[in-house]
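Build out the structure end to end from the sequences listed, making use of the hints.
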Amino acid sequence: MTPLMITLMVVAGIALLIAIGYLNHVAENGKLEKARTKVELGDRLRRCSEITEVFPGQLMSPALKLLLARLELNVVQRMLNMEKGNAQLKHRIGELEEQIAKGEGIDIPNPVTPIQTEAKAKDVRFLLEALHGQVTRAAHDGFLQTSEAKHWIREIRTILVNLHIEFFNNLGQTALSQDQPGQARLAFERGVQYLRNQPDPVTYQQQLLAMEKQLARANSVVLTNTAPTEDDDNALTEGLKQDDTESEWKKKVIYD
Numbered sequence: 000m001t002p003l004m005i006t007l008m009v010v011a012g013i014a015l016l017i018a019i020g021y022l023n024h025v026a027e028n029g030k031l032e033k034a035r036t037k038v039e040l041g042d043r044l045r046r047c048s049e050i051t052e053v054f055p056g057q058l059m060s061p062a063l064k065l066l067l068a069r070l071e072l073n074v075v076q077r078m079l080n081m082e083k084g085n086a087q088l089k090h091r092i093g094e095l096e097e098q099i100a101k102g103e104g105i106d107i108p109n110p111v112t113p114i115q116t117e118a119k120a121k122d123v124r125f126l127l128e129a130l131h132g133q134v135t136r137a138a139h140d141g142f143l144q145t146s147e148a149k150h151w152i153r154e155i156r157t158i159l160v161n162l163h164i165e166f167f168n169n170l171g172q173t174a175l176s177q178d179q180p181g182q183a184r185l186a187f188e189r190g191v192q193y194l195r196n197q198p199d200p201v202t203y204q205q206q207l208l209a210m211e212k213q214l215a216r217a218n219s220v221v222l223t224n225t226a227p228t229e230d231d232d233n234a235l236t237e238g239l240k241q242d243d244t245e246s247e248w249k250k251k252v253i254y255d
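Going left to right, the sequence shown walks through residues 0 to 255 as numbering that gives the first Met the number 0 numbers them.
Worth flagging that the hints you see were computed from the coordinates, not collected in a lab. Note that this is a predicted model, so its numbers are computed, not measured. Where is the CB? At the ideal position from N, CA and C, for every residue including glycine. One thing to keep in mind: the hints can contain errors.
Calculated cross-link-like contacts (lysine-lysine; reagent style DSSO-like; alpha-carbon spacing at most 27 Å) [to be verified]: (1) Lys-121 with Lys-212; (2) Lys-37 with Lys-89; (3) Lys-121 with Lys-149; (4) Lys-37 with Lys-83; (5) Lys-101 with Lys-149; (6) Lys-33 with Lys-83; (7) Lys-89 with Lys-101; (8) Lys-89 with Lys-33; (9) Lys-212 with Lys-119.
Across the chosen pairs, the derived CB separations fall in these ranges [what the hints assert, rightly or not]: (10) Thr-157 with Ile-19: 54 to 62 Å; (11) Glu-103 with Thr-202: 20 to 28 Å; (12) Ser-176 with Ile-155: 26 to 34 Å; (13) Arg-124 with Ile-19: 48 to 56 Å; (14) Ala-86 with Pro-198: 46 to 54 Å; (15) Asp-106 with Glu-154: 17 to 25 Å; (16) Ser-60 with Gln-144: 14 to 22 Å; (17) Pro-108 with Thr-36: 25 to 33 Å; (18) Pro-200 with Ala-86: 47 to 55 Å; (19) Ile-13 with Gly-93: 51 to 59 Å; (20) Thr-202 with Pro-61: 17 to 25 Å.
Listed below in structure tokens is the structure:
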């Protein structure tokens with residue numbers, strides 16, 4: 000065997016080792032990417048399911064319910080492509096397709112959940128933030144058209160405003176029912192300020208007027224409760240008369 004042939008064989012061996020190493024690297028990266036995608040899809044599925052199940056019924060519309068079903072269906076279908084024998088995923092796809100086929104007549108079993116505490120308002124706000132993330136990601140993946148994604152981002156903002164309107168209104172009404180007009184006035188003031196600070200306050204003009212009426216009502220109750228009563232006036236008058244009498248007596252003592 001000539002030196003040239005030996006050299007060529009060595010070079011070929013090195014090239015083969017490099018190729019094997021590269022292929023192993025590609026295979027490892029593929030496995031890691033598949034695992035990462037699986038975890039990501041699982042997280043998106045969990046978030047979609049949570050929003051669908053626990054979102055307050057008074058804020059859930061048929062259009063929103065349909066969107067959530069479509070987003071979940073997209074995720075489940077992608078997961079099934081990675082786990083083709085998963086019977087649970089296949090069953091869920093059938094359920095979602097059945098719901099979507101109903102269109103605007105889709106079932107909305109979400110119960111009405113009054114927003115009466117700061118904690119509850121924050122919980123719903125977090126759900127809206129999660130929904131915003133789902134819409135943004137679906138648009139990035141090409142599942143939602145840009146125009147549709149922008150539409151839903153505007154809708155999410157509207158729902159967020161309605162959430163705050165309900166919260167401040169419920170907070171104020173509860174305070175009034177508990178004979179706490181000062182707390183009620185504070186709640187309605189926060190509501191009025193929130194609506195006035197909206198970038199498009201004209202859109203919420205009616206809600207602002209209604210909140211201002213509630214504020215005026217609470218303020219009236221506060222003023223009524225703090226106004227002096229007839230007994231207070233009598234006590235004050237008697238006190239002034241007594242002060243005048245004592246002053247006259249002191250003057251007589253001094254000048255006599």
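Hint check results:
no. : hint                             : verdict
1   : Lys-121 with Lys-212             : holds (26 Å)
2   : Lys-37 with Lys-89               : holds (16 Å)
3   : Lys-121 with Lys-149             : holds (24 Å)
4   : Lys-37 with Lys-83               : holds (13 Å)
5   : Lys-101 with Lys-149             : holds (24 Å)
6   : Lys-33 with Lys-83               : holds (14 Å)
7   : Lys-89 with Lys-101              : holds (19 Å)
8   : Lys-89 with Lys-33               : holds (20 Å)
9   : Lys-212 with Lys-119             : holds (25 Å)
10  : Thr-157 with Ile-19: 54 to 62 Å  : holds (58 Å)
11  : Glu-103 with Thr-202: 20 to 28 Å : holds (24 Å)
12  : Ser-176 with Ile-155: 26 to 34 Å : holds (32 Å)
13  : Arg-124 with Ile-19: 48 to 56 Å  : holds (53 Å)
14  : Ala-86 with Pro-198: 46 to 54 Å  : holds (49 Å)
15  : Asp-106 with Glu-154: 17 to 25 Å : holds (20 Å)
16  : Ser-60 with Gln-144: 14 to 22 Å  : holds (20 Å)
17  : Pro-108 with Thr-36: 25 to 33 Å  : holds (31 Å)
18  : Pro-200 with Ala-86: 47 to 55 Å  : holds (52 Å)
19  : Ile-13 with Gly-93: 51 to 59 Å   : holds (54 Å)
20  : Thr-202 with Pro-61: 17 to 25 Å  : holds (22 Å)
No hint from the list above goes unmet by this structure.
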